[in-house]
Each structure stands twice: as structure tokens, then as C-alpha cells.
Amino acid sequence: MPELPEVETIRRGLIKYIVKKKISSVEVFEPKMFIGGSAKDNFGGIVGASIVDVKRYGKCLVVELDNGLSVMIHLRMTGQLIWRGNEEFAAGHPSENFVDELPNKQTRIVLSIGEGKLYFNDQRKFGFFKVVKSSEVLEDSFIKKLAKEPWDMTSEELYGKLQRHAKAPIKAVILDQSIIAGLGNIYADEALFYASIHPERKAGTISEMECAKLLEGARTVMERSIESGGSTMATYVNADGSRGNYLDKFAQVFGRTGETCLRCGEKIVKIRVAGRGTHICPHCQQIDNRGSDD
DNA sequence: CTAGGATCCTGTCAGC
DNA sequence: TGCTGACAGGATCCTA
Numbered sequence: 447m448p449e450l451p452e453v454e455t456i457r458r459g460l461i462k463y464i465v466k467k468k469i470s471s472v473e474v475f476e477p478k479m480f481i482g483g484s485a486k487d488n489f490g491g492i493v494g495a496s497i498v499d500v501k502r503y504g505k506c507l508v509v510e511l512d513n514g515l516s517v518m519i520h521l522r523m524t525g526q527l528i529w530r531g532n533e534e535f536a537a538g539h540p541s542e543n544f545v546d547e548l549p550n551k552q553t554r555i556v557l558s559i560g561e562g563k564l565y566f567n568d569q570r571k572f573g574f575f576k577v578v579k580s581s582e583v584l585e586d587s588f589i590k591k592l593a594k595e596p597w598d599m600t601s602e603e604l605y606g607k608l609q610r611h612a613k614a615p616i617k618a619v620i621l622d623q624s625i626i627a628g629l630g631n632i633y634a635d636e637a638l639f640y641a642s643i644h645p646e647r648k649a650g651t652i653s654e655m656e657c658a659k660l661l662e663g664a665r666t667v668m669e670r671s672i673e674s675g676g677s678t679m680a681t682y683v684n685a686d687g688s689r690g691n692y693l694d695k696f697a698q699v700f701g702r703t704g705e706t707c708l709r710c711g712e713k714i715v716k717i718r719v720a721g722r723g724t725h726i727c728p729h730c731q732q733i734d735n736r737g738s739d740d
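In my numbering, the protein residues as written are 447 to 740.
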């Protein structure tokens with residue numbers, strides 16, 4: 447679930463709390479989620495190493511160590527990283543885990559780092575830690591396939607890619623990390639609304655101008671989210687138990703089914719596109735597949 | 001090559 | 001109350 451802004455929020459938090467500190471022990475409750483090591487080999491050799499930096503490639507975090515190894519972390523749908531040390535920090539999929547006693551039922555991996563502990567919680571077990579040589583991170587199959595992020599990509603580049611997937615719905619295309627990196631279900635919906643494009647439009651019918659607007663939308667909605675600490679950020683923890691969803695502060699369509707469009711007043715509708723729940727304003731985002739040859 | 005659907009897994013919620 | 005199916009902020013694998 448965490449998308450680029452949430453992962454970036456986590457990256458910034460981790461930099462603050464774990465860099466220069468040493469990993470003193472590792473606990474793995476779900477072995478298949480810890481790739482590249484086990485208790486037998488010091489968990490791939492990360493025990494005893496110190497953290498040098500935390501990088502991010504799309505939605506993947508890379509914790510770089512001082513011994514030539516790195517730990518790749520992908521949160522997938524329901525992953526969370528929760529730091530409990532002299533200070534606390536949590537981000538990822540929002541849930542009670544942020545304020546729970548840890549470890550709990552959903553805790554899969556725990557790293558003891560410096561004076562604190564880093565908990566990896568993940569309800570659905572889709573996420574993972576993976577130990578790799580730092581020099582080989584860029585060769586990892588996931589990272590290798592990753593496209594540029596919206597800020598590094600020109601509108602012409604994106605337009606070119608859309609032509610190669612001309613018959614697929616535009617939402618499916620922008621969710622593909624090998625086409626543009628960072629968007630997930632929330633920001634795809636938000637970016638499409640920003641550009642007034644219906645998610646079922648075939649990619650080949652998107653004009654150059656619409657493509658430019660879509661790219662601008664992707665940048666804008668994610669920047670806005672990063673500025674506020676990601677849609678699931680740390681202040682959720684500080685909330686007084688209220689089930690506040692930070693998303694509400696900037697989402698125009700996502701999770702607003704039945705509420706009124708902030709642009710035109712029409713009711714937001716939820717449909718299904720590319721197998722994903724999809725939120726649109728039926729007035730602002732109309733289907734128009736003229737130009738497709740079917 | 002692309003497009004679309006199933007799949008990994010647990011938990012929650014709507015509807016009977 | 002208890003059961004059932006749908007669905008969930010992701011990515012991969014398989015099939016046509």
C-alpha cells in the first residue's frame with residue numbers, strides 16, 4: 447500500500463534515527479520474508495554492521511551498511527516500519543500497530559539497532575527484507591526494471607511509453623513501475639483526477655497535452671503528500687486515538703466515494719479498473735476512447 | 001511483444 | 001450469531 451510518498455517519508459525518518467547506529471541482533475518470525483540469510487549465517491552478515499545511509503528506488507528502500515552489504519526493504523501492500531528508540535517513528539500502512547505493544551501478531555522481523563528496535567509489521571506477508579551486496583543493488587530484478595520517477599521524466603518520454611501500451615486502460619499503464627515509478631492506487635486515482643482523465647481511457651487516446659497534465663498531476667499529488675509526511679505519516683501515532691485518516695487532507699477522489707467532487711459538486715463514484723478499486727468524478731473524468739481502433 | 005487475470009496472505013466488513 | 005464472498009494504498013507469474 448505504501449506508495450512513493452510514504453516510502454520517502456519512511457526513508458527520511460530512518461535517516462534521522464538509525465544512521466551511524468549498529469545492528470546488534472535480528473529476529474525473524476517469518477523466514478520467507480527475510481531473503482538472503484538466516485540465523486545460521488548472521489542473517490546474511492548484517493549483524494554487527496552499522497548503517498551508513500538509507501536510499502529509495504521507487505517504492506523500495508535500501509538500507510546501506512558499512513560492510514558492503516545492503517538490506518532492500520519492500521513494504522508491498524500492508525508493510526509498516528516502526529521505530530521504537532529514544533524517540534518513536536512509524537509509517538507505512540496505517541493501523542493500530544503504530545501504537546500497539548510490539549512485537550505483536552503482525553510483526554515479521556525485528557532489528558535491534560543502537561538503543562532501539564526497528565519493527566517490520568506486515569499483515570499480509572507480501573513485503574520482504576532482502577540482503578544483497580551493495581554493489582549489486584542496481585542489478586536486482588525489481589530495481590533494474592524500474593522506470594524513472596515523475597520528476598526525472600519528460601512528458602515526451604511518458605507519451606512515447608503510452609503508445610506502446612495503447613490498448614491498455616491508462617490507469618493500468620501508470621500503475622506499471624516499469625513505465626513510471628512511484629504511483630500506486632491512491633496517487634494514480636489522484637493524478638488522473640488532476641488531469642481530468644477517465645481511468646478506463648485507452649492509453650493510446652491520451653493527447654500530448656493530457657499526458658503533460660497527467661505527469662504534472664503525478665508530481666503535484668505526490669509532492670503534496672511528501673510535504674505533509676506521506677498519507678500515513680508519523681503524526682498518526684501522536685493522534686489521540688482518533689481514527690483520523692491523513693489522506694482526507696489532500697485526497698480529492700480516493701476514499702471519497704459518495705462525497706461531492708471538490709471541483710464540480712458531482713458525487714464521487716467508485717468503479718473497478720485494472721482489477722483495482724478506482725475513484726472518479728463522473729463529470730470531470732469522462733470516457734472518450736476516440737482514436738482507439740476497436 | 002502486450003493485455004488481462006490469478007496469485008501470494010491475513011483481516012475486516014457487508015449481506016444473508 | 002455464524003457463515004460467505006468481496007475486497008484491500010503491490011508486484012509477479014501465467015496464459016492467450
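Just to be clear, a hint being listed does not mean it is correct.
[To be verified] Across the chosen pairs, the derived CB separations fall in these ranges:
| no. | residue 1 | residue 2 | range |
| --- | --- | --- | --- |
| 1 | G704 | K467 | 43 to 49 Å |
| 2 | D546 | E585 | 36 to 42 Å |
| 3 | D694 | K551 | 50 to 56 Å |
| 4 | D546 | S471 | 19 to 25 Å |
| 5 | A485 | S601 | 33 to 39 Å |
| 6 | S601 | S541 | 33 to 39 Å |
| 7 | I717 | E654 | 24 to 30 Å |
| 8 | K467 | I717 | 45 to 51 Å |
| 9 | K551 | F588 | 23 to 29 Å |
| 10 | E473 | S601 | 30 to 36 Å |
| 11 | W597 | I717 | 52 to 58 Å |
[To be verified] DSS-like, lysine-lysine: derived pairs with alpha carbons at most 27 Å apart:
| no. | residue 1 | residue 2 |
| --- | --- | --- |
| 12 | K478 | K613 |
| 13 | K576 | K563 |
| 14 | K576 | K594 |
| 15 | K579 | K486 |
| 16 | K607 | K659 |
| 17 | K466 | K579 |
| 18 | K591 | K659 |
| 19 | K563 | K579 |
| 20 | K576 | K486 |
| 21 | K478 | K607 |
| 22 | K478 | K468 |
| 23 | K462 | K563 |
| 24 | K563 | K466 |
Derived from the structure by calculation, the hints contain no laboratory data.
These numbers come from a predicted model, not from an experiment.
Here a beta-carbon is modelled for each residue, glycine too, at the ideal position from N, C-alpha and C.
Hints, verified against the model:
Between G704 and K467 the C-beta distance comes to about 47 Å, which sits within the given range of 43 to 49 Å. Separated by about 37 Å at the C-beta atoms, D546 and E585 satisfy the suggested range of 36 to 42 Å. Between D694 and K551 the Cβ separation comes to about 28 Å, which falls outside the hinted range of 50 to 56 Å. The hinted window of 19 to 25 Å between D546 and S471 holds, with their beta carbons roughly 21 Å apart.
In this structure the supplied range 33 to 39 Å is violated for A485 paired with S601, their Cβ-Cβ distance being about 50 Å. For the hinted restraint 33 to 39 Å between S601 and S541, the CB-CB distance of approximately 37 Å keeps it satisfied. A hinted range of 24 to 30 Å holds for the C-beta pair I717 and E654, which are about 26 Å apart. For the pair K467 and I717, the beta carbons lie near 47 Å from each other, so the given range of 45 to 51 Å is met.
At roughly 28 Å, the beta-carbon separation of K551 and F588 lies within the given 23 to 29 Å, and the hint holds. In this structure the supplied range 30 to 36 Å is violated for E473 paired with S601, their Cβ-Cβ distance being about 47 Å. For W597 and I717, the Cβ-Cβ distance of about 29 Å falls outside the hinted range of 52 to 58 Å, so the restraint is violated. The hinted pair formed by K478 and K613 fails the criterion: a straight-line CA distance of about 37 Å is larger than 27 Å.
For the proposed pair K576 and K563, the alpha carbon gap of about 18 Å is at most 27 Å, so the pair holds. Straight-line distance between C-alpha atoms of K576 and K594 comes to about 22 Å, which keeps the hinted pair within the 27 Å bound. The suggested pairing of K579 with K486 holds, with an alpha-carbon distance near 18 Å, which does not exceed 27 Å. Pair hint K607 plus K659 holds up; C-alpha atoms about 15 Å apart against a cutoff of 27 Å.
Between K466 and K579 the CA atoms are separated by roughly 19 Å; this keeps the pair inside 27 Å, and the hint holds. For the hint linking K591 to K659, the alpha-carbon distance of about 25 Å falls within 27 Å, and the restraint holds. Distance hint between K563 and K579 is fulfilled; the C-alpha atoms sit about 23 Å from each other, no more than 27 Å. Between K576 and K486, the direct Cα distance comes to roughly 16 Å. Compliance with the 27 Å bound is thereby established for this hinted pair.
Using a Cα cut-off of 27 Å, the hinted pair K478 and K607 is violated, with the two alpha carbons roughly 35 Å apart. Distance restraint check for K478 and K468: the Cα-Cα separation of roughly 24 Å lies within the 27 Å cut-off, and the hinted pair is therefore satisfied. A C-alpha spacing of about 14 Å is found between K462 and K563, which places the hinted pair at or below 27 Å, so the restraint holds. Straight-line distance between C-alpha atoms of K563 and K466 comes to about 14 Å, which keeps the hinted pair within the 27 Å bound.
Hint compliance for this structure: hints 3, 5, 10, 11, 12, 21 are not met, and every other hint is.
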